[in-house]
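Take a look at the letters that make up each chain.
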Amino acid sequence: MKGRFSYFNATSIALGFAFLYIPILLLVIYSFNESKLVTVWGGWSTKWYVNLLSNEGLLSAAWVTLRVAFLSATFATILGTMAAIVLVRMGRFRGRTMFSGMIFAPLVMPEVITGLSLLLLFVAIGFDRGFWTITIAHVTFSMCYAAVVVQARLFDFDKSVEEAAMDLGAGPVSTFFQVTLPIIAPSVISAWLLSFTLSLDDLVIASFTTGPGATTLPMKIYSQVRLGVTPEINAISTILIGIVTAGVLVASYLTRRQATREDRERRAAVA
Amino acid sequence: MLDAAGNGTQAPGVRAVSTPAPQSGFAPWKDKTKPPIVRFENVSKRFGNYTAVDNITLDIYEREFFALLGPSGCGKTTLLRMLAGFEKPTEGRIIVNGKDTTGMAPYERKGVNMMFQSYALFPHMTVERNIGFGLRQEGMAKDEIAARVAEAIAMVDLGRFATRKPHQLSGGQQQRVALARAIAKKPRIMLLDEPLGALDKKLRNHAQFELMRIQESTGTTFVIVTHDQEEAMTVASRIAVMDHGKLVQVSTPGEIYETPQSRYVAEFIGEVNLLEGKVVNIEGGAADIAFAADGTIFKTRSIDGLAKDQQVWLALRPEKVRVSLDKPTDCPNSVAGKVVDIGYLGSITHYHVQLPSGQKMTALRANAAHAVERTVNWDDDVWLSWPSEAGIVLTR
Numbered sequence: 001m002k003g004r005f006s007y008f009n010a011t012s013i014a015l016g017f018a019f020l021y022i023p024i025l026l027l028v029i030y031s032f033n034e035s036k037l038v039t040v041w042g043g044w045s046t047k048w049y050v051n052l053l054s055n056e057g058l059l060s061a062a063w064v065t066l067r068v069a070f071l072s073a074t075f076a077t078i079l080g081t082m083a084a085i086v087l088v089r090m091g092r093f094r095g096r097t098m099f100s101g102m103i104f105a106p107l108v109m110p111e112v113i114t115g116l117s118l119l120l121l122f123v124a125i126g127f128d129r130g131f132w133t134i135t136i137a138h139v140t141f142s143m144c145y146a147a148v149v150v151q152a153r154l155f156d157f158d159k160s161v162e163e164a165a166m167d168l169g170a171g172p173v174s175t176f177f178q179v180t181l182p183i184i185a186p187s188v189i190s191a192w193l194l195s196f197t198l199s200l201d202d203l204v205i206a207s208f209t210t211g212p213g214a215t216t217l218p219m220k221i222y223s224q225v226r227l228g229v230t231p232e233i234n235a236i237s238t239i240l241i242g243i244v245t246a247g248v249l250v251a252s253y254l255t256r257r258q259a260t261r262e263d264r265e266r267r268a269a270v271a
Numbered sequence: 001m002l003d004a005a006g007n008g009t010q011a012p013g014v015r016a017v018s019t020p021a022p023q024s025g026f027a028p029w030k031d032k033t034k035p036p037i038v039r040f041e042n043v044s045k046r047f048g049n050y051t052a053v054d055n056i057t058l059d060i061y062e063r064e065f066f067a068l069l070g071p072s073g074c075g076k077t078t079l080l081r082m083l084a085g086f087e088k089p090t091e092g093r094i095i096v097n098g099k100d101t102t103g104m105a106p107y108e109r110k111g112v113n114m115m116f117q118s119y120a121l122f123p124h125m126t127v128e129r130n131i132g133f134g135l136r137q138e139g140m141a142k143d144e145i146a147a148r149v150a151e152a153i154a155m156v157d158l159g160r161f162a163t164r165k166p167h168q169l170s171g172g173q174q175q176r177v178a179l180a181r182a183i184a185k186k187p188r189i190m191l192l193d194e195p196l197g198a199l200d201k202k203l204r205n206h207a208q209f210e211l212m213r214i215q216e217s218t219g220t221t222f223v224i225v226t227h228d229q230e231e232a233m234t235v236a237s238r239i240a241v242m243d244h245g246k247l248v249q250v251s252t253p254g255e256i257y258e259t260p261q262s263r264y265v266a267e268f269i270g271e272v273n274l275l276e277g278k279v280v281n282i283e284g285g286a287a288d289i290a291f292a293a294d295g296t297i298f299k300t301r302s303i304d305g306l307a308k309d310q311q312v313w314l315a316l317r318p319e320k321v322r323v324s325l326d327k328p329t330d331c332p333n334s335v336a337g338k339v340v341d342i343g344y345l346g347s348i349t350h351y352h353v354q355l356p357s358g359q360k361m362t363a364l365r366a367n368a369a370h371a372v373e374r375t376v377n378w379d380d381d382v383w384l385s386w387p388s389e390a391g392i393v394l395t396r
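Residue numbers (my numbering), protein chains in the order written: chain A, 1 to 271; chain B, 1 to 396.
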């Protein structure tokens, strides 16, 4: 059974990957298109990437997006880690089930609803919409993902390691920074990368919560596409794909490396 | 238990005798003027409806090697964790060194350090940094930390592994790092939660003597939690046997083995034959007990508070029971039976003898002489006999 080649499996894998990646591949290829017409191949060129550098609109949108992503990923990771610690460490406290439900609800909440409700909130409290409202909105939804990632790590964390630190004279805060955080660091970093990626390619929530002067890259691309696809859009999209892919790869590498190391430790402990 | 037969019967008897007392005549618990270093005062711990520790009052003295012994779930680990500060007693007080520590957090308890069952080493730190962790928390000077770490590393003989990470060490080495990490703090009271539970038998025996050596050379009070009666007998100056959150008996290993106060203790420590009967006569220091099965009179030593007609059990250690083919004339107590099983263990032989009532008794014989020919065989009708001072009367 294991490792046997079969034409059925090979075909389904080929079709599956084709379905997923041919559109993206086309986009990447056409970003190197010489021709101004998106659908006509005119030979290889990197001129659209060069042109990008002088496209103020796209560049400023990219800058806004990176700043939002960086800030929201950072805050989301801090809050998500705190939430995960409370859920895993505090034992059974009053309202724990409700709290954990509320943390994870936004994972399955339609983005439109998250966006709309945040918009209503910002309007109600009279918060000027713009850069900060997008950032806050992104913290709100990516925090849940961060919490899930960190929580998974904390579940198989030997609590007596923290107890040992306290027994040796480290207070709770000191224990967290000297022992807990270094041990869960890989999962915190992957939580950050995940939050960063989520913020980077969010369109719906950003559209709801944005205001004048704060246009993110996905919003800019979307609005430009409505006027017609230009090869420049292909180029910036290719760059975006590159960043997101790198983020996901690093995050999964960190998680895997940690898993293999733990596996090795466990085997060494048995031996 | 690796070899139930060998473990259960031979070792405790042998060990109990050879237990090296910390110092000769070391018995601070008998000295009424000496204050205890740890005092549990009516301590109870409940988790919801479950009572883990039930109204325990216990004194532990300086330089003792004190063992909390019992089956899993008897509350021994909870008791230790309360002393370390990880659990708060529901009722009662814990006084350490004359100071009430009941509500104190683990990191506020100076002079009390714990070694964990899982070792709980910091995986991201080298052996050196693990051992120095507790000293860094005190804000000690760097060179002083280095000296103390080196001292602790030398004590557990880990010099070659100082720069390794825990996952590069074997189980026995990890155990020594955990010990060194706690010892480096120079605690007055060292708590050990099943410290050798994860080691194999051979390593464990070696580690037990290591623990005793370190305990004696540092003069630290050790409190160890274990479910292994042999381990407790080997290392401890006193043992507290626990059951269902209560203390059943607190005595030296020798007393626990020779004069258990209940059937529970007698059966938990080593192997024992229990003969049920009724007190028919008490005279001076002696008592006559009528065997419940057939009314045979057993002569034995009496105990305080024994009353006539009281239901009692006579506890007999197998090595104190003699097997013979003929009825002995020089022994006041004997019962007849049939050999149903013989276990030859090299140094000793177990004889399992069934009495007419169906009850089985075990007798041990040391194979001192080179005896290839066994005089007693399967299905032989034999006599089991014991002197009047061999048995202990148990009332519960």
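It is worth saying that the hints were derived from the structure and are not from the lab. Even glycine gets a Cβ: it sits at the ideal position worked out from N, Cα and C. You may find that some hints are simply not true.
With a cut-off of at most 27 Å between alpha-carbon atoms, the simulated DSS-like pairs for lysine-lysine come out as follows [unchecked claim]:
#, chain 1, residue 1, chain 2, residue 2
1, B, K88, A, K159
2, A, K159, B, K30
3, B, K278, A, K159
4, A, K159, B, K110
Non-contacting residues of chain B with respect to chain A, defined by C-beta distances greater than 12 Å in every case (computed) [as the list claims (entries may be wrong)]:
#, residue
5, R136
6, N205
7, F209
8, I282
9, S347
10, W378
**Asked** Taking the closest pair, is the beta carbon of I282 of chain B still more than 12 Å from chain A?
**Response** holds, 53 Å
**Prompt:** Taken at face value, is the distance from the CA of K159 of chain A to the CA of K278 of chain B at most 27 Å?
**Reply:** Outside the cut-off at roughly 53 Å; violated.
**chain A versus W378 of chain B - minimum CB to CB distance exceeding 12 Å, so not interface** = holds, 42 Å
**Asked** Taking C-beta pairs only, is R136 of chain B more than 12 Å away from all of chain A?
**Response** violated, 9 Å
**Prompt:** Is it true that the CA of K159 of chain A sits at most 27 Å from the CA of K30 of chain B?
**Reply:** It is violated: about 39 Å lies between the C-alpha atoms, which goes past 27 Å.
**Request:** Measure nothing beyond the straight line between the CA atoms of K88 of chain B and K159 of chain A; if it is 27 Å or shorter, mark the hint as holding.
**Result:** holds, 17 Å
**Prompt:** Per the stated criterion, does the least C-beta distance between F209 of chain B and chain A lie above 12 Å, as a non-interface residue requires?
**Reply:** Fine: 23 Å to the nearest Cβ keeps F209 of chain B off the interface.
**Request:** Examine each Cβ of chain A, and state whether all of them lie more than 12 Å from the Cβ of N205 of chain B.
**Result:** holds, 20 Å
**Message:** Next pair to validate is K159 of chain A with K110 of chain B; report whether the Cα-Cα distance is within 27 Å.
**Reply:** holds, 21 Å
**Item:** chain A versus S347 of chain B - minimum CB to CB distance exceeding 12 Å, so not interface
**Value:** holds, 32 Å
Consistency with the previously given hints fails for numbers 2, 3, 5, ordered from lowest to highest.
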